[in-house]
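Number of protein chains: 2
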Amino acid sequence: MTIAVPPPFTRPPAGRPAAETIERIAATLKARFGEHVQTGLAMREQHGHTTTWIVNQPPDIVVFPETTEEVAEIVRMCAAERVPIIPFGTGTSLEGHLNAPLGGVSVDTSRMKRVLAVHPEDLDCVLQPGVTRKELNEHLRDTGLFFPIDPGADASLGGMVSTRASGTNAVRYGTMKDNVLALTVVTPQGEIVRTGTRARKSSAGYDLTRLIIGSEGTLGIVTEITLKLHGIPEAISAGICSFPNVKTACDAVIATIQTGLPIARIELLDEVQVRAVNVYSKLTLPETPLLLFEFHGTDAGVTEQAQRFGEIAADNEGSGFEWTTKAEERTRLWQARHDVYWASLGLRPGAKGVSSDVCVPISRLAECLAETKADIEALGLVAPIAGHVGDGNFHVMPLVMTDDPAEMAMADGFMHRLVERALAMEGTCTGEHGVGQGKIKYLEGEHGGAALAMMRTLKRALDPDNIMNPGKILSEG
Amino acid sequence: MTIAVPPPFTRPPAGRPAAETIERIAATLKARFGEHVQTGLAMREQHGHTTTWIVNQPPDIVVFPETTEEVAEIVRMCAAERVPIIPFGTGTSLEGHLNAPLGGVSVDTSRMKRVLAVHPEDLDCVLQPGVTRKELNEHLRDTGLFFPIDPGADASLGGMVSTRASGTNAVRYGTMKDNVLALTVVTPQGEIVRTGTRARKSSAGYDLTRLIIGSEGTLGIVTEITLKLHGIPEAISAGICSFPNVKTACDAVIATIQTGLPIARIELLDEVQVRAVNVYSKLTLPETPLLLFEFHGTDAGVTEQAQRFGEIAADNEGSGFEWTTKAEERTRLWQARHDVYWASLGLRPGAKGVSSDVCVPISRLAECLAETKADIEALGLVAPIAGHVGDGNFHVMPLVMTDDPAEMAMADGFMHRLVERALAMEGTCTGEHGVGQGKIKYLEGEHGGAALAMMRTLKRALDPDNIMNPGKILSEG
Numbered sequence: 035m036t037i038a039v040p041p042p043f044t045r046p047p048a049g050r051p052a053a054e055t056i057e058r059i060a061a062t063l064k065a066r067f068g069e070h071v072q073t074g075l076a077m078r079e080q081h082g083h084t085t086t087w088i089v090n091q092p093p094d095i096v097v098f099p100e101t102t103e104e105v106a107e108i109v110r111m112c113a114a115e116r117v118p119i120i121p122f123g124t125g126t127s128l129e130g131h132l133n134a135p136l137g138g139v140s141v142d143t144s145r146m147k148r149v150l151a152v153h154p155e156d157l158d159c160v161l162q163p164g165v166t167r168k169e170l171n172e173h174l175r176d177t178g179l180f181f182p183i184d185p186g187a188d189a190s191l192g193g194m195v196s197t198r199a200s201g202t203n204a205v206r207y208g209t210m211k212d213n214v215l216a217l218t219v220v221t222p223q224g225e226i227v228r229t230g231t232r233a234r235k236s237s238a239g240y241d242l243t244r245l246i247i248g249s250e251g252t253l254g255i256v257t258e259i260t261l262k263l264h265g266i267p268e269a270i271s272a273g274i275c276s277f278p279n280v281k282t283a284c285d286a287v288i289a290t291i292q293t294g295l296p297i298a299r300i301e302l303l304d305e306v307q308v309r310a311v312n313v314y315s316k317l318t319l320p321e322t323p324l325l326l327f328e329f330h331g332t333d334a335g336v337t338e339q340a341q342r343f344g345e346i347a348a349d350n351e352g353s354g355f356e357w358t359t360k361a362e363e364r365t366r367l368w369q370a371r372h373d374v375y376w377a378s379l380g381l382r383p384g385a386k387g388v389s390s391d392v393c394v395p396i397s398r399l400a401e402c403l404a405e406t407k408a409d410i411e412a413l414g415l416v417a418p419i420a421g422h423v424g425d426g427n428f429h430v431m432p433l434v435m436t437d438d439p440a441e442m443a444m445a446d447g448f449m450h451r452l453v454e455r456a457l458a459m460e461g462t463c464t465g466e467h468g469v470g471q472g473k474i475k476y477l478e479g480e481h482g483g484a485a486l487a488m489m490r491t492l493k494r495a496l497d498p499d500n501i502m503n504p505g506k507i508l509s510e511g
Numbered sequence: 035m036t037i038a039v040p041p042p043f044t045r046p047p048a049g050r051p052a053a054e055t056i057e058r059i060a061a062t063l064k065a066r067f068g069e070h071v072q073t074g075l076a077m078r079e080q081h082g083h084t085t086t087w088i089v090n091q092p093p094d095i096v097v098f099p100e101t102t103e104e105v106a107e108i109v110r111m112c113a114a115e116r117v118p119i120i121p122f123g124t125g126t127s128l129e130g131h132l133n134a135p136l137g138g139v140s141v142d143t144s145r146m147k148r149v150l151a152v153h154p155e156d157l158d159c160v161l162q163p164g165v166t167r168k169e170l171n172e173h174l175r176d177t178g179l180f181f182p183i184d185p186g187a188d189a190s191l192g193g194m195v196s197t198r199a200s201g202t203n204a205v206r207y208g209t210m211k212d213n214v215l216a217l218t219v220v221t222p223q224g225e226i227v228r229t230g231t232r233a234r235k236s237s238a239g240y241d242l243t244r245l246i247i248g249s250e251g252t253l254g255i256v257t258e259i260t261l262k263l264h265g266i267p268e269a270i271s272a273g274i275c276s277f278p279n280v281k282t283a284c285d286a287v288i289a290t291i292q293t294g295l296p297i298a299r300i301e302l303l304d305e306v307q308v309r310a311v312n313v314y315s316k317l318t319l320p321e322t323p324l325l326l327f328e329f330h331g332t333d334a335g336v337t338e339q340a341q342r343f344g345e346i347a348a349d350n351e352g353s354g355f356e357w358t359t360k361a362e363e364r365t366r367l368w369q370a371r372h373d374v375y376w377a378s379l380g381l382r383p384g385a386k387g388v389s390s391d392v393c394v395p396i397s398r399l400a401e402c403l404a405e406t407k408a409d410i411e412a413l414g415l416v417a418p419i420a421g422h423v424g425d426g427n428f429h430v431m432p433l434v435m436t437d438d439p440a441e442m443a444m445a446d447g448f449m450h451r452l453v454e455r456a457l458a459m460e461g462t463c464t465g466e467h468g469v470g471q472g473k474i475k476y477l478e479g480e481h482g483g484a485a486l487a488m489m490r491t492l493k494r495a496l497d498p499d500n501i502m503n504p505g506k507i508l509s510e511g
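Protein sequence lines, in the order shown, are assigned to chains P and Y. Counting along the first sequence from 1, when you hit position 109 you're at 143 in the working numbering, and nothing is skipped either side. Counting along the second sequence from 1, when you hit position 86 you're at 120 in the working numbering, and nothing is skipped either side.
Rather than coming from a laboratory, the hints here were simulated on the basis of the structure. Do not take every clue at face value.
The list makes no distinction among identical chains, and a pair is therefore deemed to hold if it is satisfied within one copy or across any two copies.
List of simulated lysine to aspartate or glutamate pairs, EDC-like, C-alpha gap at most 20 Å [stated by the list, open to error]:
no.: 1; residue 1: K386; residue 2: E57
no.: 2; residue 1: K147; residue 2: E54
no.: 3; residue 1: K262; residue 2: E460
no.: 4; residue 1: K262; residue 2: D212
no.: 5; residue 1: K407; residue 2: E454
Chain P on its own, in the form it takes in the complex (with noise of 0.2 Å):
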């Protein structure tokens, strides 16, 4: 069969612009906006990509907007000088969105923090982008309601929205896909697109929100978004639970599925993972795999379902069953888990952690952390594993030596094979991270040519000239 060949772009695909036209909208931005335009090398460096291993390519100019309108403006005079616009939140993502190829004026939303309407009894509110997920909820603290996806960082809303990100809470309250009701986007045209309503559900013509979501800043900018909320549970039962090896985590996962009950979050830590909080944390856990969970309910619903779950876990080879419903003790019984990130550098002093994500059918997740396990054993790599399970989703960071080429040569090989098992199992190369500039060359093994060619498509007709965050997701940079 023939693949398509996208239309070509309305003219060639702008390159690095001139270093006077670069001059002359800093000049412009200036004038209009004053001390909100910065181009000192520090500032710019910050906006680069700064997570990861990946290489720093700063933005020219970070431009600091406080509304819709003022975002339409900026992007108006980019576009009309095919500069490059790089949106940004809290600069927390990973794969390399945030990075300049090609210069151009990075859009900082941090100034862009209002919380525009809360409706409680629609449980939704509407926002600017740069309000970040602790400062919404800190916002709701006395509305009895909150928002519940959590991907770890403090991130911005905005950011969350365009990397469709999720974490720890998905399993019960799905994506960021799943949690935006509408979106006020900036064009590469600089005009202002509203997507959606305030209604629960629609039927009204394409689902621009949802192909918004998760673009990376590639099709337009957010300005505004409403979210749905959720009540804050009356009753939380939190507890653990180690298994022998990953085979039986999972099987009590997918049990715990399969059953109905309503799970909110259920993570696993590898025996590496465990060992690394263990010494970070002063904990005695088992240095096996572990399974950690909440639900979330009343008093009697969450205690039943974690008495369950015990039963299952059980079954299925658990040991060290311990739950609650206390607060206090909760937060004891998931020190392991909110220490993940910085125990797993003190595994080893001076490394970078090269941290991937993949996610594959529940039923082929012990299949995968084994192969990918014995590969980590097999290079004598040191990579602890963490995982939001229920969702078949895992996040493996091995601790590399970034300056030593042939480790950086092993932990590429590594990841290259990570989503070659995930691909082969029917599975995806990014959960939650997104594709940023480190998984361009994952996307055709995953989708297709034709898939990918339809993706063109709708970029090159949306954004003909290519100014908005090129060198993202498809590689037109």
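Dock chain Y against chain P, hints included.
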């Protein structure tokens, strides 16, 4: 602000194909598919719109493929001659989705009925689009799993994908957009695209799955669907409660949801609807607004939840609260809901039901219902209301003598005001029926010119010759 004019079609949109083109296509299709190609008038009329007052516009040819490859072959034949293609499931859509205003080929999926795989451990299955929701649940009978989305009609899953269907269970299980993991789609060029994998979540590029869901066959034909499944609940409690007016009923719904009670269904019948079912089914329900509810979970859970709901109902002037966990009793209590459609028609023999649906934020639902009922009264219409009120979604069905132009004009004005009211309350012109031909005129009011231009840009980029279900959603017929 100026709205970008979408790029023109690559060539001018195709109009109705010449008679000799249709003859040539029919001959080619018959040579290839034999008796699975039909051109008789009765068959063609069955494949146009048949369910409401919208005028029937039959296709020229009906073809019954069995596989994705056959669909791709048909589409390539049609694409070469720029002949319109209209995908057909069971014909139960309500807004004229299946009409052929330019003639063309109806691709009937009723021979695409294979369930290709069920993965009980992963709670998913893969099937062809002609499988209906009841057939799927029959197929799943021995697995302990079920597919919850229930739009009323025994629609095909392909049709349900295409209209982003939902129904009574959506408040708990979401709509089609939340229950599809991946699709196989034949594009307007006859290519086969796979969107998504069996992973429960992914951040790997644009969400093609959600772009196709709700696109009503205007961007391609769905030929394979990977669906999420759910465990059949261990226990179900169900019940009913009457309220003095829609305001108190809606307040009870809002309180239920805010409390975080995991309601599975919550339906409202207004007093006109209750009167209709009393007559039709010889019931003796008080002729005031009625809520019907259902909880899914464990024995202890659903008992606690039903009791909680009873307390909330009592706080909101509810009366006649009855509930049960027994299957036969549940059927009895829910009888009123099951009979809604035929009971309504009985209110005015000889009249047709002109069904419409809107969806608003739940805080505005009581107001929207009250204004709608006032309009009904002022016009002297007979128009029962039934709603999936947990989502703020309701149906109103004026009973109209459709051959009386004055009545039709009155009903049309009523529908127009209904939509305007919903939009003014931050709602949508259709919660679940879709746009088809019937609601094209409302899309600009709902989305605004810029968002509609973006939808048009997508359509033109993916289907530059406008052969896929022309004349639907975007009025490019």
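- Please write out, lowest number first, the hints stated earlier that are contradicted by the structure. 1, 2
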